[in-house]
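Keeping the supplied structure of chain A fixed, place chain B upon it in accordance with the hints.
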Amino acid sequence: MHQSLEARLNSREPVLLDGAMGTELVRRGVRWRKHGLLTDADRVQQLHEEYLAAGAEVIRTNTFQLNPRIYLNVFRNRQHMRHIGAPGLEDLTSKLLRTSVRVARQARANAGKEHQAAIAGVLAPLEHCFRPDLAPEFELARSEQLELARVFAEEKVDLLLGESLNTIAEARALAEVARAVGLPVWISFVIGPEGELLSREPLARAIREVEKLGAQAVLVNCAPPAEISRALAKVKAATRLPYGGFAHIGHFSPPSWKFEFFPQFSETETWPPERYTAEARRWRDEGATILGGCCGTTPAHIAALHAALGARREGAKSA
Amino acid sequence: MTYPAIGKKLGAGEMVILDGAIGTEILRRNVTWADHQLASRPEFVRGIHEDYIRAGADVISTNSFQLCRRALYNHFRDEAHRRQIGAADLDQRADKLLAASVRLAIESRERAASGRPVAVAAAITTLEWCFRPDLAPAPQQAKREYREIFQVVKDAGADLVLLETLNSISEACAALEVAKSLGLPCWTSFVCDERGRLFTGETMAEMVAALEPLGVDAILLNCAPPGDINAGLKELLAQAHVATGAYPHIGRFDPPEWMFTDEYPPARYLQVATSWKQMGARILGGCCGTTPDHIAALGDLRQ
Chain A
1 MHQSLEARLN
11 SREPVLLDGA
21 MGTELVRRGV
31 RWRKHGLLTD
41 ADRVQQLHEE
51 YLAAGAEVIR
61 TNTFQLNPRI
71 YLNVFRNRQH
81 MRHIGAPGLE
91 DLTSKLLRTS
101 VRVARQARAN
111 AGKEHQAAIA
121 GVLAPLEHCF
131 RPDLAPEFEL
141 ARSEQLELAR
151 VFAEEKVDLL
161 LGESLNTIAE
171 ARALAEVARA
181 VGLPVWISFV
191 IGPEGELLSR
201 EPLARAIREV
211 EKLGAQAVLV
221 NCAPPAEISR
231 ALAKVKAATR
241 LPYGGFAHIG
251 HFSPPSWKFE
261 FFPQFSETET
271 WPPERYTAEA
281 RRWRDEGATI
291 LGGCCGTTPA
301 HIAALHAALG
311 ARREGAKSA
Chain B
1 MTYPAIGKKL
11 GAGEMVILDG
21 AIGTEILRRN
31 VTWADHQLAS
41 RPEFVRGIHE
51 DYIRAGADVI
61 STNSFQLCRR
71 ALYNHFRDEA
81 HRRQIGAADL
91 DQRADKLLAA
101 SVRLAIESRE
111 RAASGRPVAV
121 AAAITTLEWC
131 FRPDLAPAPQ
141 QAKREYREIF
151 QVVKDAGADL
161 VLLETLNSIS
171 EACAALEVAK
181 SLGLPCWTSF
191 VCDERGRLFT
201 GETMAEMVAA
211 LEPLGVDAIL
221 LNCAPPGDIN
231 AGLKELLAQA
241 HVATGAYPHI
251 GRFDPPEWMF
261 TDEYPPARYL
271 QVATSWKQMG
281 ARILGGCCGT
291 TPDHIAALGD
301 LRQ
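If you're matching them up, the sequences are chains A and B in order. Going by the numbering used here, 253 is the number at position 253 of the first sequence; the sequence numbering is gapless. Going by the numbering used here, 15 is the number at position 15 of the second sequence; the sequence numbering is gapless.
No lab work stands behind these hints, which were simulated from the structure alone. Every value quoted in this text rests on a predicted model; they were computed, and no experiment measured them. Please note: incorrect hints may appear among the correct ones.
Reference listing, derived: stretches of chain A covered by chain B, where coverage requires no fewer than 3 residues with Cβ under 8 Å from a Cβ of chain B [claimed, not checked]:
id, region
1, 31-45
2, 53-61
3, 85-99
4, 173-181
5, 270-279
For each label pair, taking beta carbons as the anchor points, the in silico distance ranges come out as [stated by the list, open to error]:
id, chain 1, residue 1, chain 2, residue 2, range
6, A, Arg98, B, Glu43, 54 to 60 Å
7, B, Pro139, A, Ala307, 55 to 61 Å
8, B, Glu212, A, Arg205, 54 to 60 Å
Pairs of lysine to aspartate or glutamate, EDC-like flavour, derived with a Cα cap of 20 Å [what the hints assert, rightly or not]:
id, chain 1, residue 1, chain 2, residue 2
9, A, Lys95, B, Glu14
10, A, Lys236, A, Glu209
11, A, Lys95, B, Asp254
All residues carry an ideal CB built from backbone N, CA and C; glycine is no exception.
Next up, chain B with everything else stripped away, as it sits in the complex:
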């Protein structure tokens, strides 16, 4: 359990550095991430985690974006169709890979943290596509699915849950309630638009008012360009009582992959992060397109 050390830092108003992208980093290293590479190339995934730990990350997030039973089952009409044509392991695959994603992060910490407290955050996103709140399941259904996911990552030894790229208050609340009922520390991170609103159009004030009574440990913004994150962060900081943070993406989404640009090299990325620290954010890291070099640059924020 490493979370208390992180929680203590936040309580003291100290900076906590999050890691950078893992999905796009896999691509940048010229490997496909269609199956997360958790089973096929564990040493490769571990290598990226270790690079982020050596770059100074206090919290590393598991390579588990969109990894859940629903994501696999969505490719079929229904159960009958899945049984007819689907691979035999699909019933267990998501749970197995989720557990593996936590295990790999823990192993990376053992290899690279040199005794420094590094927390392993199980990175879990929306049950449906992160940019499509219109597809979100009803809260009761969402709770059932999140319970299954969180139990797996808890049993595997995750220190906290990082709910990332959330797009609606209702799904965030459903997930947060489940995480708390399992005794897991929980950070919630939302994607926001140019106006600093959630993708449902809901405001930061509405979101904070809904999440803080449920015991959220920190609220962050992620997976939007720095300008959008900046707009959202202003609103968030004006409302939140808990610790706040941000990890923007840099470059362009080029589905199904990522387009890397040189718009935000590490030095400029640090400038943006420094301005957010000055505004009051305490948890800073990187989303899609960021690299271990970006996270290493954020080390200056500790001064």
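So that you can see chain A by itself, here it is in the shape it has in the complex:
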């Protein structure tokens, strides 16, 4: 991992993540096709730069749920995809993953923060993050996630972040995959209405499992702030690893015609930066050190969080 990040993590200093990529790009009018990485890469990069300027120390690639299944799933089968699909769909994912790392790296260079900020390659559930019933079994998840992780390793991200994971099996698969490609990994679980994993599997057990497999931090994300607060109390009791969370704000407002994750959240104005920061400050007071924002949050939220946490002593040189 980025050495400065590792040191800060282990000394339990706060580490600031960025906020949402997908929902913020959509809010700004970017058409959600190919994660914006083909037609609007400049705007993806611009958003990374804004998060860095806001104080984010870890920026996450714009690759949530970007895997070959999201394209294959909308065809009858692979043969049908070749028959009526646009050319290049089969290799598209790895190309987009590479682009995602490059724009993050360029943003970091433009911000002059090569030594201050880390790039996390985001891996997510292979099927829809909110549908644990569709999640692949461990072996299948492992082999498919390995292909994605290899691309991130080749592109030299600083760490992998498994995000919105909804089953223990897929979280374990990701932790193993990270080890196989030699990258540090943080694991973040999506929290359901019961306060456990969305699959209803116990959060404490999930944490133990990924801890055994070498996860360097555990997080909870993609639930409303109050649910993240409750879940963090459970995380605290379950692990001695560095931990944290990033909540979504507003309400998921999905499109009416397709199945892959479409990052559109409504009524996010009910959680302005000050309100979000007040909630996140409680997480910090309880011992969480890795904080950021999930769907609906913006650079303004991260800037407010940065100011409130006094996260980074200005001028602190590292690495």
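Leaving out everything else, chain B in the frame of chain A:
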């Protein structure tokens, strides 16, 4: 009620021109269709309908592809999860947008049809993804959901139901029975493969034998390239007693959007449609990738 005029044409063996794509046409005009644009930009959707009416379409189809409660609910684990994180209007959103899609088509007819009989077809597809028969719900469940959808479009004033991009006989039968029980004329349109079979592997003969006794008003094929449609149409025409038709897609599916190609400009598209007319098809239009210019070219089929 405009359907009787259309039904009469078909009964007399005359051509009926269907409209072209609406979803991909929204994209071609550089707007996203993630929310169908029914609530946010009604005038834009109406504009496309009006262009198709002026291009000569006898039947226009509503901008309602995959618009149903299930499509929205599928994004969540279950009801508890939807209540926890979902937008508050999701319970009513599908019904509201469906009704709006019919209303916009009717308004477009009032503005552009100049007294010519133009029927508004509520375009309804499979409850799950159109290319994935493996995901289809069981028939009893499908019937409950189709009843809700069809009641909404009937109340909103649709002249007929166009069940499109169907992929299995069982779901088609479930939907058709419900449409008929509500007194709605019903056309069923299937996607087919290179062998001219449904995506379940079922044959046109099996499909026709199942649907005609239930009172289907017309059987069509759509959302496949012209070559595949041609293969399916040969089989269909050999079996069907009711009116038949086709509306292929042109270009390439580039999820989540569409890739437009110049492989089938309007003149060539007309040639393909003319050959289908000669084979016996009477309802012709366009699926994904087609434009008002393609539909205007089909006007020559009336001669």
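For this session: Could you tell me which of the hints above the structure violates, numbers in ascending order?
Result: 2, 4, 5, 6, 9
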